[in-house]
Amino acid sequence: MRISWRGVAWRMTGRDLLYQARDGKSWEDDLSGEGNAFAKAYYAAYIYSEDYEEILGADLPTMYHVEDTWTAFNKLAIRLDQRYAVWNSSQIVTDL
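Residue 433 in the numbering used here sits at position 72 of the sequence shown, with consecutive numbering throughout.
Rather than coming from a laboratory, the hints here were simulated on the basis of the structure. Quick reminder that beta carbons are idealized off the backbone N, C-alpha and C, glycines included. Hints may contain errors.
To be verified - Derived BS3-like pairs: lysine-lysine, alpha-carbon spacing no greater than 30 angstroms straight-line: (1) LYS436 to LYS386; (2) LYS386 to LYS401; (3) LYS401 to LYS436.
To be verified - Beta-carbon label-pair distances, calculated as ranges: (4) THR423 to ASN449: 25 to 33 angstroms; (5) GLN443 to GLY418: 17 to 25 angstroms; (6) ARG372 to ALA405: 30 to 38 angstroms; (7) SER451 to ARG383: 24 to 32 angstroms; (8) THR432 to TYR409: 16 to 24 angstroms; (9) ASN449 to LEU421: 17 to 25 angstroms; (10) GLN452 to LEU421: 33 to 41 angstroms.
Using the sequences and the accompanying hints, generate a full structural model.
Written as structure tokens, this is what we have:
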């Protein structure tokens, strides 16, 4: 099942979409090759968890108390963009 992301934005959160359309699972074909490479590097280094906690959970009892809202996403998106820019600038271009 392919999900069209066009038109979904702001009507439901990413978590809602994953649970309603994908049984709570994300697959490699949900992202481009570059998106997968970044996600794997970001998660493998445990940086995502640290960023998530710092930005969204600093004043909460646990990470499970973070509300699933677009406001929370927009706060985290700023850091995600920064991490992606750093990761992207460190990639060696092999297809010249």
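Any hints this thing doesn't respect? Which numbers, in order? As far as the earlier hints go, only 9 is violated by this structure.
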